[in-house]
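K.L.:
Counting in my numbering, the sequence shown runs from 1 upward without gaps.
There could be a bad hint or two in this list.
Said to hold, decoys possible - Below, computed lysine to aspartate or glutamate pairings styled on EDC-like, alpha-carbon distance capped at 20 Å:
#, residue 1, residue 2
1, Lys516, Glu506
2, Lys201, Glu213
3, Lys199, Asp41
4, Lys75, Glu9
5, Lys304, Glu195
6, Lys53, Glu15
Read the hints as simulated data drawn from the structure, not as lab findings.
Source: prediction; values computed, not measured.
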Amino acid sequence: MKLPSIFIELSKLFEDNGFSLYMVGGTSRDYLLEKEILDFDFVSDATLEDMKKFLEINDSFSSLGSTTIKFNNVKVDITTLRKEGEYLDNRHPSKIEFVKTTKEDYIRRDFTINAIYINSKGEVIDHCNGEEDLKRKVIRMIGEPSIRFNEDPLRILRGIRFSYSLGFELDEELKTSIREYKHLLKNINYSKVMEEINKMKVFGEKQAIELLETYEIDTIVPVRFNNKNPMNCIDMHCDSLTWELVEKNGFYSNPRMHIDFKRLYEGEYLMQCFAVFMYFARGDLYNRTLKMIDIFKREMENNKNIISQVTSYKELMENKSKHKLSALLTIEEGGVIEGSIEKLEHLYSLGVRMICLTWNFKNEIGYPNLQRNLKENDYLKIDTENGLTEFGIEVVKKMNELGIIIDTSHLSDKGFYDCIKYSTQPIVASHSNARSIHPWARNMTDDMILKLHENKGVMGMNYCPDFVSNNTKENQINDIVKHMLHIKSLGCIDNLALGSDFDGIETPVGMSDCTKTHDLKKAMLENGFTQEEIDKVFYKNFLRVFKQVCKN
1 MKLPSIFIEL
11 SKLFEDNGFS
21 LYMVGGTSRD
31 YLLEKEILDF
41 DFVSDATLED
51 MKKFLEINDS
61 FSSLGSTTIK
71 FNNVKVDITT
81 LRKEGEYLDN
91 RHPSKIEFVK
101 TTKEDYIRRD
111 FTINAIYINS
121 KGEVIDHCNG
131 EEDLKRKVIR
141 MIGEPSIRFN
151 EDPLRILRGI
161 RFSYSLGFEL
171 DEELKTSIRE
181 YKHLLKNINY
191 SKVMEEINKM
201 KVFGEKQAIE
211 LLETYEIDTI
221 VPVRFNNKNP
231 MNCIDMHCDS
241 LTWELVEKNG
251 FYSNPRMHID
261 FKRLYEGEYL
271 MQCFAVFMYF
281 ARGDLYNRTL
291 KMIDIFKREM
301 ENNKNIISQV
311 TSYKELMENK
321 SKHKLSALLT
331 IEEGGVIEGS
341 IEKLEHLYSL
351 GVRMICLTWN
361 FKNEIGYPNL
371 QRNLKENDYL
381 KIDTENGLTE
391 FGIEVVKKMN
401 ELGIIIDTSH
411 LSDKGFYDCI
421 KYSTQPIVAS
431 HSNARSIHPW
441 ARNMTDDMIL
451 KLHENKGVMG
461 MNYCPDFVSN
471 NTKENQINDI
481 VKHMLHIKSL
491 GCIDNLALGS
501 DFDGIETPVG
511 MSDCTKTHDL
521 KKAMLENGFT
531 QEEIDKVFYK
541 NFLRVFKQVC
551 KN
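Throw the hints in and build the complete structure from the sequences for me.
P.N.:
In structure tokens form, the structure reads like this:
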């Protein structure tokens, strides 16, 4: 077989300057398979400093001894032969040592079929029987798969990709190791995982998904083929942490819940607010809250490649740049601070950035609508007389000072107006609808909505059937949109947001889990909302409040 002309010319240039050049990786593999060579990957015993004497090169990856050049208008990658130290971060070697022989270089490579060297005479240099594996159409790891996957877990996805693209079989040891060590992909930033997965899109999405599912990769990371995920949805309220406290199945994938991290990706979420809910009557609120926060922190750590807690707009934007979900820690029951400003400050130090001042019980901060401790015939009573306590006013001011969003959902009508009066920052009602559309005590009157507009705050649409309409058994997505249309008619489109109450409710027909936000968007478009208005409701309005209040 005739060597590629570009390799022949470059080899002569290197040899004239006292160095050797070799084809390697996909270049030598495709050459031996008699396939068209699309990428040119060469190695040499010359360092970059040596190459600068006879080539025009850049220093983009000088620490790795790698450069990309244009030669005869063709892009060529050239790397100095090297040995690598330990991988301490699952991605990069701790040190690089440049060497003179292919025998020292091949050990760092992933698969035997990618470690075949060909010199300028067309001679094959094979230290690991890679040429034999090519003939057998087998993909085999160089070294122990468990060690090589710990060095760089992305080799798991590369092995799967090579097997499909070449029509080769993974050897049995490699198959077993992929299934055993696939969890290591959790150690890799999801944007890097997504880059590798997207390379499989050329096979066809259906085939690629089936291939990844064969090795159960979908149980570890979301399988997506869209690296332009808009990440344009924020949900201000869910009770998923309470479910996890009971089920202990983890948050990555749990079909029994409305929300899990995998489906948040499918729903193109930017941020999910996770509420720590405490039932006031059970007592020991603060310590139980800390235990639930520990669960939240554990899930963040266990899934740190795809989601992390944020406390500021800057952190959220950093996550988005990495295609990473954001989680905001919130409290649903201000009584957890047990009358202590010091405990409020401690919760802030743990990353709590939004607190619902009451749930359905009176506490030290104020009074709710829907009081659980009243007689049944008073249960739906709207409280226009009792609002914030003196301590509650102090809490509001302290939350403003710290940078914690004040959430008035569950609070009495009087309490809402007190928050409007005493807060110097925008407030929210994280999961409350319009009382004019459905007269539920927890929904907001038109006057309250207009006051929220003046305050520049937001209200999150609650999907709970009790909040949506009288016909709780047959609520549809359009019933939620009716509330949105009414609020828009008040001139308050800038105050609309989403607050699903998922995992704390029975859901309306058509909103069975967090992926169904796509259907909600469709219903909004069909009811006359513009794309700009939808973006405001889905994320921009709450993002504005979050950016203003949570500055620290």
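K.L.:
Hint by hint, say whether it matches the structure.
P.N.:
Now the hints, each set against the structure:
no., hint, verdict
1, Lys516 x Glu506, "holds (15 Å)"
2, Lys201 x Glu213, "holds (14 Å)"
3, Lys199 x Asp41, "holds (18 Å)"
4, Lys75 x Glu9, "holds (14 Å)"
5, Lys304 x Glu195, "holds (17 Å)"
6, Lys53 x Glu15, "holds (13 Å)"
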